[in-house]
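A.B. asks: The numbering of the sequence shown is our numbering, which starts it at 1126 and goes up by one.
A couple of the hints might just be wrong.
[What the hints assert, rightly or not] Below 30 Å or equal to it, Euclidean Cα-Cα: the simulated DSSO-like pairs (lysine-lysine) are:
#1 K1249 to K1189
#2 K1189 to K1259
#3 K1244 to K1185
#4 K1185 to K1246
#5 K1274 to K1194
#6 K1244 to K1194
#7 K1249 to K1274
#8 K1259 to K1249
#9 K1189 to K1141
#10 K1194 to K1259
#11 K1249 to K1185
#12 K1189 to K1244
#13 K1141 to K1185
#14 K1274 to K1185
#15 K1264 to K1274
#16 K1185 to K1264
#17 K1264 to K1189
#18 K1246 to K1264
#19 K1244 to K1274
#20 K1194 to K1141
#21 K1194 to K1246
#22 K1244 to K1259
#23 K1274 to K1189
#24 K1274 to K1246
[Said to hold, decoys possible] Between beta-carbon pairs, the in silico distance windows are:
#25 K1185 to P1243: 18 to 24 Å
#26 Y1163 to K1189: 45 to 51 Å
#27 T1258 to I1143: 52 to 58 Å
#28 N1176 to N1230: 18 to 24 Å
#29 V1177 to I1143: 50 to 56 Å
#30 A1159 to M1180: 34 to 40 Å
Read the hints as simulated data drawn from the structure, not as lab findings. Ideal Cβ positions, reconstructed from N, Cα and C, are used throughout, including at glycine.
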Amino acid sequence: MPIVEFNNNDMSTRTKFILTFVAGLVTGVILVFAFGYYVAMSDRNNSSSDNVVQMFDTPKQEIKADEFKIFQVLPDGSALASYDEIISKEGYIEYGTVVFFPASNEAAYYDSQIITLPKGKCFKQIGTYRYTTKDGMMKTVPAIDIFDK
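Work out the full structure: start from the sequences and follow the hints.
C.D. replies: Put into structure tokens, the structure is as follows:
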């Protein structure tokens, strides 16, 4: 019966192969998680930067409205409101002219609040507000405030 001899060189080749395989597997898993983290963070950064307020140097055109109804208060205290609330044929509420009221120290906005224009005052556009709707559509609406006539 022949005696089987193990060559040390063969063992080290097999060990190297196994270690290389395991190292490649671990590296692949780490890269997948790193890529997933990068995608999640870039998506979060993009969604927050979609909301952009651009203010004018001086107030511009007057917005012809007597009152606005707030339908959403944003986390920073600013609000989205509408002028002409329209009930569609299907019974859903659709909003006509949507405007943005910036957060201020003088007013705290809440949902369904009616902002009525005082006598001798007017709404004027002071900038624009760009945001992404729940449907993923980009919208730009006027940012407004109340001024003396």
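A.B. asks: Against each hint, give a clear statement of whether it holds in the structure.
C.D. replies: So, going through the hints one by one against the coordinates:
1. K1249 to K1189: 9 Å, holds
2. K1189 to K1259: Status holds; Cα separation ~28 Å.
3. K1244 to K1185: Holds, at roughly 20 Å.
4. K1185 to K1246: 15 Å, holds
5. K1274 to K1194: Holds, at roughly 22 Å.
6. K1244 to K1194: 18 Å, holds
7. K1249 to K1274: 10 Å, holds
8. K1259 to K1249: 27 Å, holds
9. K1189 to K1141: Violated - the C-alpha atoms of K1141 and K1189 are around 78 Å apart, more than 30 Å.
10. K1194 to K1259: 20 Å, holds
11. K1249 to K1185: 6 Å, holds
12. K1189 to K1244: 14 Å, holds
13. K1141 to K1185: At roughly 73 Å apart (the allowed maximum being 30 Å), K1185 and K1141 break the hint.
14. K1274 to K1185: 13 Å, holds
15. K1264 to K1274: Roughly 29 Å separates the two Cα atoms, so the pair holds.
16. K1185 to K1264: Since the Cα atoms of K1185 and K1264 sit roughly 20 Å apart, the hinted pair holds (cutoff 30 Å).
17. K1264 to K1189: Holds, at roughly 21 Å.
18. K1246 to K1264: Distance ~28 Å between K1246 and K1264 Cα, so the pair holds.
19. K1244 to K1274: OK: K1244 and K1274 at ~9 Å, within 30 Å.
20. K1194 to K1141: 71 Å, violated
21. K1194 to K1246: 17 Å, holds
22. K1244 to K1259: Roughly 36 Å separates the two Cα atoms, so the pair is violated.
23. K1274 to K1189: Status holds; Cα separation ~12 Å.
24. K1274 to K1246: 5 Å, holds
25. K1185 to P1243: 18 to 24 Å: Between K1185 and P1243, where Cβ atoms are some 21 Å apart, the hint holds.
26. Y1163 to K1189: 45 to 51 Å: Distance hint for Y1163, K1189 holds at roughly 48 Å.
27. T1258 to I1143: 52 to 58 Å: Cβ of T1258 to Cβ of I1143: about 53 Å, so the range 52 to 58 Å holds.
28. N1176 to N1230: 18 to 24 Å: 21 Å, holds
29. V1177 to I1143: 50 to 56 Å: About 54 Å separates the Cβ atoms of V1177 and I1143, which means 50 to 56 Å holds.
30. A1159 to M1180: 34 to 40 Å: Given about 39 Å between the Cβ atoms, the range holds.
Taken one by one, the earlier hints fail for this structure at numbers 9, 13, 20 and 22, listed in ascending order.
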